[in-house]
Amino acid sequence: MFSAYLIHLLILICIYLILSLALQLAIGYTGLVNFGHIAFFGVGAYTSALLVLNGWPFWAGFLSAGILSALFGFLISWPTNKFKGDYLALATMGFSFVVYAVLLNWTDLTNGPLGIPGIPKPQILGFSFIDNSDFLVLAIGITIISYLIIKRITVSQFGKVLEAIRDDELAVKVLGKDTLKMKSYALAISAFFAGIAGSLYAHYLTYIDPSSFAIMELVPVLLIVIVGGLASLEGTILGTFLIILIPEALRFVGFSSSIVGPMRQILYALILLLILIYKPRGFYGKVDLE
Amino acid sequence: MFLQILINSLIAGAIYGLVASGFSLIYSTNKFVHFAHGATVAFSGYMLYFFFGMLGLNFGFSVILAILFAGALGILMNILVYKQLRSRRAGNAILLIASFGILILVESLILLFFGADVKTIDYIAVSRGLSFYSAIITPLQIVIIIVSVILFILLMLLMKKTRLGKAMRAVSDNKDVAEIVGISAESIYNWSFFVGSLIAGVAGVLIGLEQNLEPTMGTSLIIKGFIAAIIGGIGSAPGAILGAFLLGFAENFGIWYLPSGYKDAIAFVLLFIFLLFRPQGILGKKK
Numbered sequence: 584m585f586s587a588y589l590i591h592l593l594i595l596i597c598i599y600l601i602l603s604l605a606l607q608l609a610i611g612y613t614g615l616v617n618f619g620h621i622a623f624f625g626v627g628a629y630t631s632a633l634l635v636l637n638g639w640p641f642w643a644g645f646l647s648a649g650i651l652s653a654l655f656g657f658l659i660s661w662p663t664n665k666f667k668g669d670y671l672a673l674a675t676m677g678f679s680f681v682v683y684a685v686l687l688n689w690t691d692l693t694n695g696p697l698g699i700p701g702i703p704k705p706q707i708l709g710f711s712f713i714d715n716s717d718f719l720v721l722a723i724g725i726t727i728i729s730y731l732i733i734k735r736i737t738v739s740q741f742g743k744v745l746e747a748i749r750d751d752e753l754a755v756k757v758l759g760k761d762t763l764k765m766k767s768y769a770l771a772i773s774a775f776f777a778g779i780a781g782s783l784y785a786h787y788l789t790y791i792d793p794s795s796f797a798i799m800e801l802v803p804v805l806l807i808v809i810v811g812g813l814a815s816l817e818g819t820i821l822g823t824f825l826i827i828l829i830p831e832a833l834r835f836v837g838f839s840s841s842i843v844g845p846m847r848q849i850l851y852a853l854i855l856l857l858i859l860i861y862k863p864r865g866f867y868g869k870v871d872l873e
Numbered sequence: 122m123f124l125q126i127l128i129n130s131l132i133a134g135a136i137y138g139l140v141a142s143g144f145s146l147i148y149s150t151n152k153f154v155h156f157a158h159g160a161t162v163a164f165s166g167y168m169l170y171f172f173f174g175m176l177g178l179n180f181g182f183s184v185i186l187a188i189l190f191a192g193a194l195g196i197l198m199n200i201l202v203y204k205q206l207r208s209r210r211a212g213n214a215i216l217l218i219a220s221f222g223i224l225i226l227v228e229s230l231i232l233l234f235f236g237a238d239v240k241t242i243d244y245i246a247v248s249r250g251l252s253f254y255s256a257i258i259t260p261l262q263i264v265i266i267i268v269s270v271i272l273f274i275l276l277m278l279l280m281k282k283t284r285l286g287k288a289m290r291a292v293s294d295n296k297d298v299a300e301i302v303g304i305s306a307e308s309i310y311n312w313s314f315f316v317g318s319l320i321a322g323v324a325g326v327l328i329g330l331e332q333n334l335e336p337t338m339g340t341s342l343i344i345k346g347f348i349a350a351i352i353g354g355i356g357s358a359p360g361a362i363l364g365a366f367l368l369g370f371a372e373n374f375g376i377w378y379l380p381s382g383y384k385d386a387i388a389f390v391l392l393f394i395f396l397l398f399r400p401q402g403i404l405g406k407k408k
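Here the protein sequences come in this chain order: A and B. Numbering (our numbering) for the first sequence: 584 to 873. Numbering (our numbering) for the second sequence: 122 to 408.
It should be emphasised that the hints constitute simulated quantities derived from the structure, not laboratory data. Hints are not guaranteed to be accurate.
Claimed, not checked - Straight-line alpha carbon distances no greater than 20 Å define the calculated SDA-like cross-link-like pairs of lysine to any residue that follow:
(1) LYS665(A) - VAL390(B)
(2) LYS665(A) - PHE393(B)
(3) LYS665(A) - ILE394(B)
(4) LYS667(A) - GLY212(B)
(5) LYS296(B) - MET280(B)
(6) LYS384(B) - LEU367(B)
(7) LYS869(A) - ARG209(B)
(8) LYS756(A) - TRP661(A)
(9) LYS152(B) - ILE860(A)
(10) LYS869(A) - GLY742(A)
(11) LYS862(A) - LEU825(A)
(12) LYS665(A) - ARG399(B)
(13) LYS667(A) - ARG399(B)
(14) LYS862(A) - VAL202(B)
Being a predicted model, the structure only gives us computed values, none of them experimental.
Model the full structure from these sequences, guided by the hints.
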């Protein structure tokens, strides 16, 4: 019983880790305060769920989730190119609201607020990941591959250019780099990983509805990135474990489930404010925001 | 039909204007997006419910208490969070994220104390709407429009005629110069949070009477408020009010064609268009 609970938590940690590493690439390494991140997660979840329910194999749904989200990331970076900091956050937050409204209202496609039930568990080469411990192996595998790819990007020359854009975009432009193209790629890659995290989420829970992709759901992800510290992938890993596990303590204290929800939000909000005031760089942060 | 949409737009515009003008006032001196302003509006509505609905105090007294509590909450947010962040020169994105944190904190506290179920303040028994040609408007809605117009005029007078208003505009224009001539920026920040949150308090009371109370009402209200403030010209109170009415019209005429669930999306598309083509808003000055 306890091990089943532990496996569940580890799977959640894997999904949130991919999602947070992706956001870290946008905020920490490129300086793009993207509040639309949760929408990429949602686009990925719905894409994968709908395609697999229509007979596509899991791997195809999974990759399509990433690619469609990446496409959205790429497109959103063009009109928002001029914005920085808080204005970018507000503009991308708008994207989150539009996606949420579409998920809620385009009932023919998304089934609206009722959500999509009965999403099949992943099946690859005839092997079904129905058992949660099998699913955990798959999730860990995908998480490690995602981590290695993002790590590779951050240490590459492209990654260094992204960091330079974060620190001084004008200087990078003067050196003759096309910063818009660089930022679009960064946001597309970030959205790709958010999309595949969404696919994992959908096929793990086997049920999704729009409420999982509302703007409030961005809070834990944003918190993970800030607690771990900007421009540090190791910090993000630590942050994910902390932020997913800390609220679990509320369950053991014996609060009823109607109280656990708001208590978790209160906990997140307090951690966020305290970190911002007393430890603005988080655990391993290398830079300040803006 | 057309007349009814026109009236609905006016009411929505007045409500958004109440939220937007306080938000805009705080933005004009502080220069960051105080998202938690929505929480102040919700807090005021719930305080009215608490004093009037639960404790059974006199209605007028409860309204005054709710508005004052909202003002106090605004100052509290400024002192406990924003002042600390300012003192270590945090960037605007950090202040925005912090205000988002405060919004969630206050909303979750409301949820914890009052529960998720919808609350109604039944001061005014559901009155039959007055027919006005083919359209219907309730007496409360007329009160909302009148109160907001009076409040907008008072706000203009405050900003143009009083010492406090002039000091606020001085800090808004150039904080350093204002400090040289002896205006304390920190105290002006507090004042603008107080006055802005009092307006939020009035908004919360009126919205609480007109609609029902829900813990998450603050989020949806501040989104409309800040969109109105940005498209009107951020930091300009008349602009915020103009933006609020424009938003009210765009939404209500928009859902003539689209399902009503797309209301928020319409607002954001409008915001996006402005950010792209006229980021300083209708009345804003170019930076």
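(request) State the violated hints by number, sorted upward, taking the hints as numbered earlier in the document. (result) none
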